[in-house]
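Chemist: From first to last, the protein sequence lines are chains A and B. Residue numbering for the first sequence follows this note's numbering, starting at 701 and increasing by one per position. Residue numbering for the second sequence follows this note's numbering, starting at 2 and increasing by one per position.
No false leads were mixed into what you were given.
For lysine to aspartate or glutamate, the following DMTMM-like pairs were computed, each having C-alpha atoms within a straight-line distance of at most 25 angstroms:
#1 B:LYS121 with A:GLU779
#2 B:LYS169 with A:ASP725
#3 B:LYS169 with B:GLU258
#4 B:LYS288 with A:ASP791
#5 A:LYS732 with B:ASP123
#6 A:LYS732 with B:GLU51
#7 A:LYS784 with B:ASP119
#8 B:LYS288 with A:GLU782
#9 A:LYS710 with B:GLU427
#10 A:LYS702 with B:ASP30
#11 A:LYS784 with B:GLU426
#12 B:LYS430 with A:GLU782
What the hints contain is simulated information worked out from the structure, not anything from laboratory work.
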Amino acid sequence: MKEWQTFVRKFSDMKEGKRELFIKDLAEGPRKYDTTHVIAKVSRKKTAVKNPDKLWLRSESGIRYPEPWYISIEKELPEYVEGKPWTSVFDALDVAERQHSKSK
Amino acid sequence: MSYKSHRDFFEVLDKEGELARVKKEVNWDVEVGAIGRKVYESSGPCLLFEKIKDYPAGFRISNGTTGTWPRVALAMNLPKNTSVRDIYATYEKRLEKKIPPVTVGNAKAPCKENIMLDDKVDLYRFPAPMIHEGDGGRYIGTWDAVICKDLETGWQNWGMYRFMVHTKNWLTGWPQSTSQFAFIFNRSYRPLNKPMPVAVVLGADPMSHIIATAPIKPFEDEAACVGSFRGKPVDLVKCETSDLYVPAHAEIVIEGEVMPDRIAPDGPFGEYPGYRSGTMSNGIAVKVNAVTYRNDPILTMIALGTPPDDSSIAASLSAAVAMKKGLLRHGVPVTDVYVPPEGVTHLIIVGVKKGGAEIAKKVLDYFTLRRIMTNKHIVVDEDVDVFNMGEVLHAFATRCHPGRGIFYEHYEGRSNSLTPFYSPEERSKLKGVSVVFDSTWPPEWPPEIVPVKASYKTIYSAETQAYVEKNWKSYGITKK
Numbered sequence: 701m702k703e704w705q706t707f708v709r710k711f712s713d714m715k716e717g718k719r720e721l722f723i724k725d726l727a728e729g730p731r732k733y734d735t736t737h738v739i740a741k742v743s744r745k746k747t748a749v750k751n752p753d754k755l756w757l758r759s760e761s762g763i764r765y766p767e768p769w770y771i772s773i774e775k776e777l778p779e780y781v782e783g784k785p786w787t788s789v790f791d792a793l794d795v796a797e798r799q800h801s802k803s804k
Numbered sequence: 002m003s004y005k006s007h008r009d010f011f012e013v014l015d016k017e018g019e020l021a022r023v024k025k026e027v028n029w030d031v032e033v034g035a036i037g038r039k040v041y042e043s044s045g046p047c048l049l050f051e052k053i054k055d056y057p058a059g060f061r062i063s064n065g066t067t068g069t070w071p072r073v074a075l076a077m078n079l080p081k082n083t084s085v086r087d088i089y090a091t092y093e094k095r096l097e098k099k100i101p102p103v104t105v106g107n108a109k110a111p112c113k114e115n116i117m118l119d120d121k122v123d124l125y126r127f128p129a130p131m132i133h134e135g136d137g138g139r140y141i142g143t144w145d146a147v148i149c150k151d152l153e154t155g156w157q158n159w160g161m162y163r164f165m166v167h168t169k170n171w172l173t174g175w176p177q178s179t180s181q182f183a184f185i186f187n188r189s190y191r192p193l194n195k196p197m198p199v200a201v202v203l204g205a206d207p208m209s210h211i212i213a214t215a216p217i218k219p220f221e222d223e224a225a226c227v228g229s230f231r232g233k234p235v236d237l238v239k240c241e242t243s244d245l246y247v248p249a250h251a252e253i254v255i256e257g258e259v260m261p262d263r264i265a266p267d268g269p270f271g272e273y274p275g276y277r278s279g280t281m282s283n284g285i286a287v288k289v290n291a292v293t294y295r296n297d298p299i300l301t302m303i304a305l306g307t308p309p310d311d312s313s314i315a316a317s318l319s320a321a322v323a324m325k326k327g328l329l330r331h332g333v334p335v336t337d338v339y340v341p342p343e344g345v346t347h348l349i350i351v352g353v354k355k356g357g358a359e360i361a362k363k364v365l366d367y368f369t370l371r372r373i374m375t376n377k378h379i380v381v382d383e384d385v386d387v388f389n390m391g392e393v394l395h396a397f398a399t400r401c402h403p404g405r406g407i408f409y410e411h412y413e414g415r416s417n418s419l420t421p422f423y424s425p426e427e428r429s430k431l432k433g434v435s436v437v438f439d440s441t442w443p444p445e446w447p448p449e450i451v452p453v454k455a456s457y458k459t460i461y462s463a464e465t466q467a468y469v470e471k472n473w474k475s476y477g478i479t480k481k
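One chain only, chain A, in its complex shape (with noise of 0.2 angstroms):
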């Protein structure tokens, strides 16, 4: 299984579902920490999502959510979000991530 790490500023501010992140590559080598932006379906439950990877979750201090969460990557998106440079990756995020829902 492999394993992925992303970043949130308090725990509670991850929810289950499909959602827009930017996750790091966990596995080991040069390429470690690489950053991939996708669409995903995440859950505290490794039963609720298909050929799940694991998820770490770290706050915005750097401190590791002591239980995985699970992934399923559905679709890879560009290195970046649209936004404007000094503004919250997160408010982009969440602008994007009701974008596609709209779309669909």
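Assemble chain B onto chain A, guided by the hints.
Modeler: For chain B alone, kept in the frame of chain A given last:
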């Protein structure tokens, strides 16, 4: 001798016993950071990690090039036992003079020995370290010099900002939104919705990095300041993908563009105040178009954290001298300014010829006028040695009146969001507060009522001291 490069300086550090070469293979993933931090915390040597896991022979990482006062002295061509006061004085004097840089062609620029362009760019070919466990990523830019250009004037600014590897050809970073970097982007590029060319320089000569930390005024040429320290012009070479000029002898130069309409996560990162606080995902994204580098490149790291380290030492020097000049211009009768590294530019000591509430308020006014990086300021009389924190603490404890000697200034939109005690809301709005502790005697007190400091040098007459000195040996006290 002047140092053209990071490598030249390492030869001197080696001779002076200030360099440890780590030949055992070490992991770029946390191990090099942990070793670097442990060595900082014991005032140990500069480190050169010579064998890095996952990377070919020759790709190296350094830590702590100028992380102690003796190594700063060596970088300035001073004896390594030079006092902090004399290092400050030499820095102040040399900064007055400017020697403009010269440009050289690629053939004379070691940083062009290897060139990766466009789709060949792969940042993972360099051993960017994961410095602290729990950081947001691999910080390739910690001890760097970041260069960008103002379109109207052509001024090329050098600053030091953190940059993280996001993907093989994207960096994310966090120059603060109040930085000169942001000033140039907002003035020259944001209105046109244009990408801003940027060069992240690793492993230039040591003074280039110290000057990159310095609050040099806008439109002044940092490269000319470095020339003054070297006594010779700095060799600059043109970037491959922009008209920025970078130190020709640098180890690695990452060329890219700050995107005006694209962002990606940066941070969190264990930062210079000595904490990993909530500053993340509020920065910039850089599309990397080229990387040029020397054979067997050395990636410069600083395992930032609790002081002292390269950052707190360099800021102590460069910030204090700029503050002294600024305070004098602001009409404060300054004798000296000291930025104790342990105070990580949050705590500033200001010595004045004449103190009192009005002067203390003037000091606070100066520190809160524009972009605010400091928050606590202790003003002391000139009889207190600002470089001696024992004397400063004594003056603060005994001369600062808790009721009438403490003044505050609140502000919004200008604070340093890396300040650990600010709440998330304060950080997001750049809200802050600064304080001055007037630790001087009120100037309105008649001299005959000012308490006399009961120290050997101040409470005894010159005659008594001379008598004691003359007879010292006869007392049979061996320790003088």
